[in-house]
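Peer 1: Chain residues, written in single-letter form:
There are 2 protein chains.
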Amino acid sequence: MKTGGHKILDCTIRDGGLVNNWDFSVDFVRDLYDGLSAAGVEYMEVGYKNSPKLLNATEPNPWRFLDDRFLQEIFPEKKATKISALCDIGRVDENDILPREQSVLDMIRVACYIKDVNKGLDLVQKFHNMGYETSLNIMALSHVHEHQLIEAFEAVNQSAVDVVYVVDSYGSLDPKNTEHLVKKFRALLPNKQLGMHMHNNRQLAFANTLVGIDNGVTFLDASVYGMGRAAGNCHTELLVSHLKNPRYELKPILGIIEKHMLAMREKWEWGYIIPYMISGVLNEHPRVAMALRSSEERDNFTAFYDRLTSPETVDTLVKK
Amino acid sequence: MKTGGHKILDCTIRDGGLVNNWDFSVDFVRDLYDGLSAAGVEYMEVGYKNSPKLLNATEPNPWRFLDDRFLQEIFPEKKATKISALCDIGRVDENDILPREQSVLDMIRVACYIKDVNKGLDLVQKFHNMGYETSLNIMALSHVHEHQLIEAFEAVNQSAVDVVYVVDSYGSLDPKNTEHLVKKFRALLPNKQLGMHMHNNRQLAFANTLVGIDNGVTFLDASVYGMGRAAGNCHTELLVSHLKNPRYELKPILGIIEKHMLAMREKWEWGYIIPYMISGVLNEHPRVAMALRSSEERDNFTAFYDRLTSPETVDTLVKK
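If you're matching them up, the sequences are chains B and P in order.
Per the UniProt record's numbering, the first sequence starts with residue 1, numbered consecutively.
Per the UniProt record's numbering, the second sequence starts with residue 1, numbered consecutively.
Here chain B stands alone, though its shape is the one from the complex (with noise of 0.2 Å):
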């Protein structure tokens, strides 16, 4: 099935705020957002709209805990790219959130695992009724078993949400799996826009994509030089390159890449890089290859090789 009307939707701030803690200046997220729009993508992710008291947060994080004066500031007048928000459920305060006519944001998605589904609708239906476009995002499917999806897709198939995201947290996924997922969300969501964003540990994030528009899915998480947590995502520059669509122009990105991404990978680090290779590869979360990472071990691939896959450590992993 090809539906084509594919929309990218950069989570560069969002997802790459996970490696910097959403250390960006305000320069870099309005040359972003220029770039982005220069370029044709559709949306852009400018962070989590999560509650810093719910958090216990100590110190201030805009792009963490998205404010609507201080979007407004940001943005004051918005260009033809979409503005969107991450939530996750029992972290976002509803009264926060402004209806959307009040608010930059266009969009609101709602992050969870399987098992709360039920309690990710109820804040879609929430976001839905103050006007905004909604996503449910799904993570860690690569652990979630059939009868799981089919359980929970008969709510999802009654709510209000428009997209729903195939989330590969792990980076696990390859085509293949990834291609039967997406045809079953297919088939078990009719009438339901699909989602997708992948993680690159085994540098699939883009092929995976790909396998992904082939299959029906319209909204394409990326972000520019792949930014994003551990392994990072399917790259902007390499959607922007090749879909088809006239809107798109590649020398934008390439702009922000030469102007900022450049620096930015020489402070922080993200991408291909051995240990997220083996989390991907084992289909284990990232945090203990990220862990791996800032210790002075972060180079000892064999030992954390053998630590990961040692009886021992699949006991200590169940348990975590």
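Just so you know, these hints were derived from the structure itself, not from any lab.
Please read all numbers here as calculations on a predicted model, not as lab measurements.
Careful, some of the hints might be misleading.
Any copy, or any two copies together, can satisfy a pair, since identical chains are not distinguished.
[Claimed, not checked] Straight-line distance between alpha carbons at most 27 Å, and here's what the computed DSS-like set of lysine-lysine pairs gives:
{"#": "1", "residue 1": "244", "residue 2": "267"}
{"#": "2", "residue 1": "176", "residue 2": "251"}
{"#": "3", "residue 1": "183", "residue 2": "244"}
{"#": "4", "residue 1": "176", "residue 2": "7"}
{"#": "5", "residue 1": "79", "residue 2": "176"}
{"#": "6", "residue 1": "183", "residue 2": "251"}
{"#": "7", "residue 1": "115", "residue 2": "82"}
{"#": "8", "residue 1": "192", "residue 2": "251"}
{"#": "9", "residue 1": "176", "residue 2": "119"}
{"#": "10", "residue 1": "184", "residue 2": "53"}
{"#": "11", "residue 1": "244", "residue 2": "176"}
{"#": "12", "residue 1": "126", "residue 2": "78"}
Starting from the structure of chain B, add chain P where the hints point.
Peer 2: Chain P alone, transformed into the frame defined by chain B:
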């Protein structure tokens, strides 16, 4: 079509030598051979079997101009991993080649452009008569028209060559046109084994190789940590971790990366680098991007993109 029986051919020394002018220590090459053997990799390509005289070489370069006596010193005892060399038509002196039973080499591969297939097959026949396994590696396929393939393959089918390679010299293929090309090769060469040699300009070398596997390709070129010209190749560690053959072990490859490749990557440059992405997207030879990377303009991506997409530049490139 799925045949199983894949063979990984690691070309770290040969293709990686295009990055560092074959500046590999004997210790590294021996460690690599031991590691690839322990990992179950079937072939290691140790360099080029070209002639220093024919290339007017002024300095010794043992991995570029392989010599049998030298190879016997380096590999006094062979393990399960076979050893191959590549040569280019017009650059190899047939008198330099010993019969296989006197050589460390098991396989000689011949690289050529489509117009030179008959010259390539002449060489293949000679190496075949001397007892070697042979392959014909047809370069720059993304610029070849179907009628040229059909014409050339009549002679290939009549020849003694064991393996015919799909070579994506420019790193411009995506999984769809890779599938198209491999299916064409499979249909036109019913009695030959197929190989593939992908470049990683668009982060698709691994994904394209997976497409090849699903369509009957058995010889899979790769290099450790992707080390190869410009954007490099499909990563050996990704193939070894993915293929289901119980012979494969990831850990010895991780050991090579940990011990050698991180330091080598600090010293020499290959991989996903924006000018190589641009040349791949534009289906151009990477030499323009390699020249840029050697200049002071190395990070001026937008100017490079402008130059490659302006009508004047297209004229220059066509004339070159």
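Peer 1: May I ask which of the numbered hints given earlier this structure violates, with the numbers listed in increasing order?
Peer 2: Violated hints (numbers, rising): 1, 5, 6, 7, 8, 9, 10; every other hint is consistent with the structure.
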